[in-house]
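Protein chains in written order, with full-length UniProt numbering: chain A, 1 to 358; chain B, 1 to 234; chain C, 1 to 330.
Everything labelled a hint here was simulated from the structure, so no lab data went into it.
Treat the hints with care, as some may be off.
[Unchecked claim] Pairs of lysine-lysine, BS3-like flavour, derived with a Cα cap of 25 Å: (1) A/LYS153 to A/LYS257; (2) C/LYS227 to B/LYS54; (3) B/LYS78 to B/LYS105; (4) B/LYS78 to C/LYS227; (5) B/LYS54 to C/LYS128; (6) A/LYS257 to A/LYS179; (7) A/LYS214 to A/LYS14; (8) B/LYS78 to B/LYS54; (9) B/LYS129 to B/LYS162; (10) A/LYS83 to A/LYS14; (11) A/LYS214 to A/LYS345; (12) A/LYS83 to C/LYS304; (13) A/LYS159 to A/LYS179; (14) B/LYS105 to C/LYS227; (15) A/LYS83 to A/LYS153; (16) B/LYS107 to C/LYS128; (17) A/LYS257 to A/LYS163; (18) C/LYS128 to A/LYS345; (19) A/LYS163 to A/LYS83.
This structure is a prediction, so every number in the text was calculated from the model and none was measured.
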Amino acid sequence: MTHSSPARGELFIKALVLTIGVLLLFAPFLFQDTRSLEVAARICIFVVLVASYDLLIGYTGIVSFAHTMFFGFGAYGGAIALKQMGPGWDAVIVGAITGLAVSIIVAIAIGLLSLRVKAIFFAMITLAAASVALVLASQLSGLTGGEDGITYKTPQVFKTATKLLVDENGKVARLFGVKLNGKLAAYYFVFATSLALFILCLRMVASPLGTVLKAIRENEARAEAIGYRVVAYRTFVFCMAAAAASLAGTIYAIWLKYTGPDTALSFTIMIDILLMVVIGGMGTMYGAVIGAVLLVLAQYYLRDLMGVAAEFFHGVPVLPELFDPDRWLLWLGIIFILLVYFFPKGIAGTIWTKGARD
Amino acid sequence: MSLLSLSQMKTSIGQYHVLHDVTFDVPEGGVFVLLGRNGAGKTTTLRSIMGLWKPSPGSVRFRGEDIAGLHASDIARKGIAFVPENMGVFGGLTVEENLVLATAKGKFDDVRLKRIYDLFPALEQFWTKQAWSLSGGQKQMLSVARAIIEPRELILIDEPTKGLAPSIIDGMAEAFAEIGQSTTILLVEQNFNFAKRLGQGMAVIDDGHIAHTGTMPDFAVDTALQEQLLSLSS
Amino acid sequence: MNQISQTLERFGGVYLLPVIVGLIAFVLIGAPSSWVTLTVAGLSMGMMIFLMASGLSLIFGLMDVMNFGHSAFVSFGAFVSASALAYLSGWLGADSVALNILALFLAFAAALAFGLVAGWFFEVVIIKPVYHDHLRQILITMGALIVSEQIILAIWGGAPVSVPRPAFLEGSWLIGDVTIEIYRAFAFALGLAVYLALFFVLTRTRIGLLIRAGVENREMVEALGYKINRLFVGVFMVGSALAALGGAMWAGYETLITPALGGEMMIVVFIVVIIGGLGSVEGTLLGAIMVGLMANYIGFLAPKLALASNMILMMAILLWRPSGLKPAVK
Chain A
1 MTHSSPARGE
11 LFIKALVLTI
21 GVLLLFAPFL
31 FQDTRSLEVA
41 ARICIFVVLV
51 ASYDLLIGYT
61 GIVSFAHTMF
71 FGFGAYGGAI
81 ALKQMGPGWD
91 AVIVGAITGL
101 AVSIIVAIAI
111 GLLSLRVKAI
121 FFAMITLAAA
131 SVALVLASQL
141 SGLTGGEDGI
151 TYKTPQVFKT
161 ATKLLVDENG
171 KVARLFGVKL
181 NGKLAAYYFV
191 FATSLALFIL
201 CLRMVASPLG
211 TVLKAIRENE
221 ARAEAIGYRV
231 VAYRTFVFCM
241 AAAAASLAGT
251 IYAIWLKYTG
261 PDTALSFTIM
271 IDILLMVVIG
281 GMGTMYGAVI
291 GAVLLVLAQY
301 YLRDLMGVAA
311 EFFHGVPVLP
321 ELFDPDRWLL
331 WLGIIFILLV
341 YFFPKGIAGT
351 IWTKGARD
Chain B
1 MSLLSLSQMK
11 TSIGQYHVLH
21 DVTFDVPEGG
31 VFVLLGRNGA
41 GKTTTLRSIM
51 GLWKPSPGSV
61 RFRGEDIAGL
71 HASDIARKGI
81 AFVPENMGVF
91 GGLTVEENLV
101 LATAKGKFDD
111 VRLKRIYDLF
121 PALEQFWTKQ
131 AWSLSGGQKQ
141 MLSVARAIIE
151 PRELILIDEP
161 TKGLAPSIID
171 GMAEAFAEIG
181 QSTTILLVEQ
191 NFNFAKRLGQ
201 GMAVIDDGHI
211 AHTGTMPDFA
221 VDTALQEQLL
231 SLSS
Chain C
1 MNQISQTLER
11 FGGVYLLPVI
21 VGLIAFVLIG
31 APSSWVTLTV
41 AGLSMGMMIF
51 LMASGLSLIF
61 GLMDVMNFGH
71 SAFVSFGAFV
81 SASALAYLSG
91 WLGADSVALN
101 ILALFLAFAA
111 ALAFGLVAGW
121 FFEVVIIKPV
131 YHDHLRQILI
141 TMGALIVSEQ
151 IILAIWGGAP
161 VSVPRPAFLE
171 GSWLIGDVTI
181 EIYRAFAFAL
191 GLAVYLALFF
201 VLTRTRIGLL
211 IRAGVENREM
221 VEALGYKINR
231 LFVGVFMVGS
241 ALAALGGAMW
251 AGYETLITPA
261 LGGEMMIVVF
271 IVVIIGGLGS
281 VEGTLLGAIM
291 VGLMANYIGF
301 LAPKLALASN
311 MILMMAILLW
321 RPSGLKPAVK
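Full structure from sequences and hints, please.
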């Protein structure tokens, strides 16, 4: 690879990610319906989740299945604080910090206990820990609301009824036909905090730390011989990723005004993250954006398409079952396996290197 | 014709080229010694012959047949046995079970078993003990015994004296001399005094190249050459 | 201190652990009849988990392959045998014990056969291309698990499926004031039989010796002239079939199964192989018995803690012995 001139593939990926960023920035004005805003906010959150997960899987070469657990800690931290302390910024801060603290402590414990052994061991232990967290969330119903989860109010400024600006009649002002209300404020809160976290992840891999991580991933024994304390580095990155996931959880809790096992802890979210990071491209960071966009769009719109397909195959045995909108994970799973076999670098990684070879 | 003939064998492990050009012939019968400094490529040479690492390109001819690129199990079935540096005994298995797995049909030939008992009486004594409980020297005996429990044509032995007490090394030398009368041994060794007693033919490997080939009696008296190739202080 | 541990080692070492746990539980529970019931339940649960976990542990030990999709075999085993039993329900309800047994046997055979075939497919198609690449191995087997779960949902639907039991395994024995469910005793006996068979094969046959040798040192087995890949396909198939059998047993034990079964059992299976020590059948048995006993004792003593008990057990054992209780000799 030559660095003299930026390769076409690299430029293309960066331009694509920038375009997505701009679209997300103007999303409330470009797509003026509630469902689209849901989709845009979800994309923002998942970009952070996937980018922080990429720190682990792509840059450090360790597979964790506990990423949703940290996401859940942050979400439940925010939710419980907002429920107990009432809808204020103090509650948001207390919740975020509590979630963060729990996440980092648990991450250190898991890291020190199992990162010194094989990658497989680590994967299994994180999976076990995540499932225990899920069970605990539904068991400790006094605190977490159990299976039903918690609904709560968020700070005043994010209420849909809040008027950010009023026109001369005292009604909520509009800009290009979009109401300047609390919902809009909430979206930009999500967008800005997600952007900040994503840029932090980007900075981290560009820093000397990122170089060390790559050295460890390429040849662990040699990195150890040179004098890097591999376990310490891995545990540190695991903590950073956990912290980012935890903050993303708190942000999502504020956006949704509801936190439950399905939105914050379920294994389905973990599978989503895995799919996004692999489809987008492991070890690219930018892939996180592409993967998150594609998969969230698929979640919301592919099901509609599959419903049509199921109708089409009506009367044929088995096929309607396979194209049932609820079976969309089946197809994603197959795509996932094929991608790992044939395009292990994902979309971003494949395009990136393709341009470089020209 | 030589029993084993290596020609321009190259081996890479990952991105590192460990062997650049290994060319030497092992004649049939006796003990042939491959000497070299630490990290010169001795172990890699043996593993490449055994098929545990794939050499490419270059050729490995065994009785005239190119065996480079064959699977290790197929190379073993051609009559080549391997005694690795770490001895490779199965610690959870007993001495008997270790030896049973080395037989072709799962049955012992009484004559060969008797010979092993004579060479290494300790193995008979610990016959039903799990191999992990053996001493280092006994594990080495077991590993060598596995190589001769069936008739083989060539035995590759990697640093058998490493970490063993001098008295055990003496016994090992006698055993190898005796085995060498009926089977060819390719011995990799750092312990020059041990190698000197056994070797007939010899080669020196340095940084992935064969730096010298000759006979052991000649090499043993040429201290200047020893100094140059092995940096021996004594 | 050293002397104590040596004495303990002579009397069975870590194998004493379930006995100690049992004794402590006996003191805490107080009522002998409840204790017996709980112990039998724990042992039978442990044996079923052992069936599910043994293959996973051996596969990992032999080839350094961790199949995150292993629990799919458990689920499929459960559903295949449930369907077979439902199909043969006439025989199950019949008065003849012979017909009962035949129906049960056929259902288990169906699960086993499915496990063998699916295991072969999994090994040759899914895993073979990613030997030696742990990252992709984890991802691909996880992907396979997702697809398998979706296939189960597509075939059997998401609603709970009820599993008929043969008449002769219904009910319980009453010995004094101790009640023992017959199905549990049966599960224990079957698990024990499988363990003994595995133990016999691994210690008394040439194939078994090769498997144990391969777990320790794959290269040396090849250097002795054996093709270890063929051995591995065989072990993978048998391991998958045992998981399917475990699933079938579990289905009969639960009597109502949902597609979530695989995911739930996967965690337990992982915990068992981690605390038992990867690669060893004895370790897996020990881990499974421990998990089974703890789940039942703690479920009785402190129900709130029951679900976290496995995790606490795993943490404690890992702190004490980082590679598990009885890992294979490496």
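Verification of the supplied hints:
Note on A/LYS153 and A/LYS257: the hinted pairing holds, with a Cα-Cα distance of about 6 Å set against a maximum of 25 Å. Our distance criterion of 25 Å between C-alpha atoms is met by C/LYS227 and B/LYS54, whose separation comes to about 16 Å. For the given pair, B/LYS78 sits about 15 Å from B/LYS105 by alpha-carbon distance, which is consistent with the 25 Å threshold. Proximity of B/LYS78 to C/LYS227 is assessed by CA-CA distance (about 14 Å); at most 25 Å being required, the pair is judged to hold.
Proposed proximity of B/LYS54 and C/LYS128 is supported: the alpha carbons are some 19 Å apart, at most 25 Å. Restraint check: the Cα-Cα separation between A/LYS257 and A/LYS179 comes to about 20 Å, which is no more than 25 Å; the hinted pair holds. Our distance criterion of 25 Å between C-alpha atoms is met by A/LYS214 and A/LYS14, whose separation comes to about 21 Å. Restraint check for B/LYS78 and B/LYS54: satisfied, since their Cα atoms lie roughly 17 Å apart, inside the 25 Å limit.
For the hint pairing B/LYS129 with B/LYS162, the CA-to-CA distance comes to about 23 Å; that is within 25 Å, so the pair holds. Annotation: proposed proximity of A/LYS83 to A/LYS14 is violated, straight-line Cα distance about 41 Å (limit 25 Å). In summary, the hint linking A/LYS214 to A/LYS345 is supported, as the alpha carbons are separated by about 15 Å, within the 25 Å threshold. For the proposed pair A/LYS83 and C/LYS304, the alpha carbon gap of about 24 Å is at most 25 Å, so the pair holds.
Note on A/LYS159 and A/LYS179: the hinted pairing holds, with a Cα-Cα distance of about 13 Å set against a maximum of 25 Å. For the proposed pair B/LYS105 and C/LYS227, the alpha carbon gap of about 15 Å is at most 25 Å, so the pair holds. For the given pair, A/LYS83 sits about 7 Å from A/LYS153 by alpha-carbon distance, which is consistent with the 25 Å threshold. Between the alpha carbons of B/LYS107 and C/LYS128 the distance comes to roughly 33 Å, so the proposed pair goes past 25 Å and is violated.
Using a Cα cut-off of 25 Å, the hinted pair A/LYS257 and A/LYS163 holds, with the two alpha carbons roughly 18 Å apart. Taking the CA atoms of C/LYS128 and A/LYS345, the gap is about 20 Å. The hint holds against a cut of 25 Å. Using a Cα cut-off of 25 Å, the hinted pair A/LYS163 and A/LYS83 holds, with the two alpha carbons roughly 24 Å apart.
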